[in-house]
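So the sequence lines, in the order shown, correspond to chains A and B.
The opening residue of the first sequence carries number 1 in this note's numbering; numbering runs sequentially from there.
The opening residue of the second sequence carries number 1001 in this note's numbering; numbering runs sequentially from there.
One thing to keep in mind: the hints can contain errors.
Claimed, not checked - Pulled a few chain A residues facing chain B out of the computed Cβ check, cut under 10 Å:
(1) Leu7
(2) Gly43
(3) Ala47
(4) Val136
(5) Ala176
(6) Gly203
(7) Arg207
(8) Ala225
(9) Leu235
(10) Arg356
(11) Val366
(12) Pro395
(13) Leu397
It should be emphasised that the hints constitute simulated quantities derived from the structure, not laboratory data.
Bear in mind that the values here come from a model prediction, so they are computed numbers and not experimental data.
Here a beta-carbon is modelled for each residue, glycine too, at the ideal position from N, C-alpha and C.
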Amino acid sequence: MTMLTALARAKAAAAGRAQPVKMVRHVHLAERPLVLVIAQLAGEACAPLAAIAGDDRDKPRLLVVYEPRNRTQRFQFAADLAEIVLGAIDGYAPDPGPADQVKPEPCPDAPQILVPNLPTVTFLRHLGRSTRFRRVTGEYAVPEAVPALGHWLSYYAERTEVPRSALMLPMTAALADHWVTGQSATEDANLGALLGWIDLPPGMTGRDAARAAEDPVRCPPAGPATDPAFDKDVLAPGLEAVRAAAASGDGLRLARAHTAMDDALRAQLEPTWALMWRAADLLRAVPAADHVERRWTDDRRSFTSQVEWLRGGGGPQPRRDSAVAAARRLARLERDQQRYAAERAYDDPLVMAEYRMTGEAFGGTVIAVDPERVVNPTGKRLLLRPEITVETDEPVLFAPGDVLRSPARPKQKAKITDVKARAGRTLVTVELEGAMGRKLTPEPGSVPALDEEVTYTSLTIELQGQPPRFPAAADTPWTHGGPPPAYVPAGEDAPEGQEHGLALDQFTPEAYLPSDADADEDWS
Amino acid sequence: MRGKDTGWVEARLDRLRGRALPVSHNARTISALAANPGCPRRALLDASGTDKQKIAAHTGFPAPFGQSPFAIARGNAFEAMVKDNSADLLLALLREHIGLPIPSAHYHDLNDVGGRETVQVRHFRTRQLLSAADPATHTMFDHPLLRLKVGGRHAYLEPDLLALHHDGRFYVVEVKSFAVIDGQADPAKVAAAAIQSAVYVHALRDLLQDEDRVHHETILVAPKDFSNRPVATSIDVRKQLAVLRRQLDRIASIEDVLSGYPADLTFDLAPDGQGRPGRPPGELRKAIQTVGANYAPECLATCELCFLCREEAAAETGALGKDVREDLGGIEYVARALDLARGAVPPPEQAEAAVQLMRAAVLRERVTGEAV
């Protein structure tokens, strides 16, 4: 947060409606995103209760687990969810075709998943973690699609850590990036309340709308946590009715109990389903920033390599990164973060304004131009080096010799040759180099014109320097645990713990279960 | 001030609470105090044992908290499981984790027996047993009842387990049912468990009158991954202890806080024969508002009165977050910050912030074309 955003927040609080803090949209939004809203059973590490999912706002698909503590039903839920998620993924990953055919690279598009909030991402990460090591044969076999779902959920959840990625978007974060409200960031984590400020219902202030959305009866939580009162008053009796009906052996009674659960959970999830599409519409209405397309291409490339990894028989992601993989990943994320910040500033004058506040950029008017200035430093060749002078009332922290860039002409370097103060203002003279054509007269428009409003900054969107180099996994130094043990998948896929040399088969969940196995069963 | 007649304080606190029975502190409420030490409203309500939940509901701002019956059931089931069979599973875990002696595994159940004992008796039993505890023969104490004086009132605290190491030191063991997945758990839950354990460490040190006999590392026992297998993790709570001590000292000086308010101030709900509150909500709210609050968005997770305080603080920049207030140069009110941004003449102490605010406003207007 900076003073500009803080000021916008203050204005939102006073005006009773959200204020935009971005001029353009910085995330990709798919034509047909896959929207996923999840409810989980309270108290359990990762027990899905229900989901509403799909890529058609008029046809949400509801999945309900009638006994969330039952292992078989949990995996059945995972299999059903796999049908939806893998179905969407398959639609984007074209058939490889004959081996000699040239493959499109990367996939022309990738499936985008929209979820309400960060806790849902965490839930999906855990669901991925708890399913990707499962075996599809043998004693604790799960439906075939389950480990594949686990792989994809783990992949998508992990991609949310990549700053430039939009493969999976938590909507509260995406909205809060583009608008600020008159409430705190803590309260913004509630999708309904956040939307209340951004998209005011008629006759209400943002504050009223947000307060109304905080009432779990009027606006059920966006998941994965459910409302405790709902758990007590609706869910507990509902689950009990299902259990009693199942015990009675009366098929009709069981069907009725299931329908009652379906209705109750649909009523909990459907309001969020509607909010999700409303949020997507709001974001889509903002014009996309220039770099969005390029970032999405990186997402498509990453998605494609996952498809190929799986098609090549690749195993599940390890439980933890090895030392080298972790260091490499961290370095990549850091570089990515810097680049992302610069791209946003170049694309969006309101983001650039933050850097103007801190002196990392300044904006002003061109008051003098020498477009055909040439220099001959070596005496061998004339070089085109136009010079312009910019007048600004913003503080300038740069000094002669500093090399700046302008978002309007990102490929052109501007080296400061002179900075002087005049009547409370600052005159900055810069020498321009590059992106002006090959002749000794610049291409039209390649040099800022007189009276043009320009911005110059020390930020660059090109990656600076070489990426750090890391040893191969086999050369991991002893300080970092030495080379990691080789990954040996057992048969079709590796059981949990294999990479640590533990044989999962020696561990039977039943040995640790209390007598009421059904109430407290093991996911593993 | 300390030398003053403590009866005076007691009487004032009783008057504040009114006819209701005092709500006692527990580890959770004590740790919540540490979350917002500068709030006189919370300090007074807690010191007097006033039921904040009821007060909040009666003024029309019911607390947003509740716990799912499934979460409670899961927590109880997990604790029961690890303590089953004289806590075999726990002992195995603690042996490995802190090296509890293998041959002399003793287990003392200090649980309430069918609600027949008063807290005083249970606490007395705990006191006796712990004071005389011999590391050679006593190993684990299940649900001992500790006592801590908070704001002039005894709070009874019940840790899940105390383990006595053969070197003579006690370890506080906290059993939680949130999962530790691949060595990681929800940071917020771990933080809450850490401060809760720190409360127990503090109370136990108080009981034994010996700092060194209670280890500053507490042990969190939680399910591993997606299973029911317990896993033990050490948490160093020295930092939490320091915060807690500072906080408790502050509460101890509750008489200083009290002396700033009228002697007839009360949060009494004036209940009728059925216990239904009969006091006009507006009047109650006025009484509450006599005592200033120090609202921050963090209160939303810890204090029953948060919605009421939030409503009052709507005009403050702090209600938008501490970081927002700081970014606005520490200006306290939203309207004031906006006035300064629009060019109002600042008093000297706000001059620096005003310059920045005006710059921000000008920049925003230049880019968006819309005045702030």
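Structure-based check of all given hints:
1. Leu7: 5 Å, holds
2. Gly43: 3 Å, holds
3. Ala47: With a minimum Cβ separation of about 9 Å from chain B (threshold 10 Å), the hint on Ala47 of chain A holds.
4. Val136: This interface hint is violated because 18 Å lies over the 10 Å limit.
5. Ala176: 12 Å, violated
6. Gly203: 19 Å, violated
7. Arg207: Holds - the Cβ of Arg207 of chain A comes within 10 Å of chain B, reaching about 7 Å at its closest.
8. Ala225: 8 Å, holds
9. Leu235: 8 Å, holds
10. Arg356: 6 Å, holds
11. Val366: 16 Å, violated
12. Pro395: 8 Å, holds
13. Leu397: Status violated, d = 14 Å.
Of the hints listed earlier, those the structure fails to meet are numbers 4, 5, 6, 11 and 13, in rising order.
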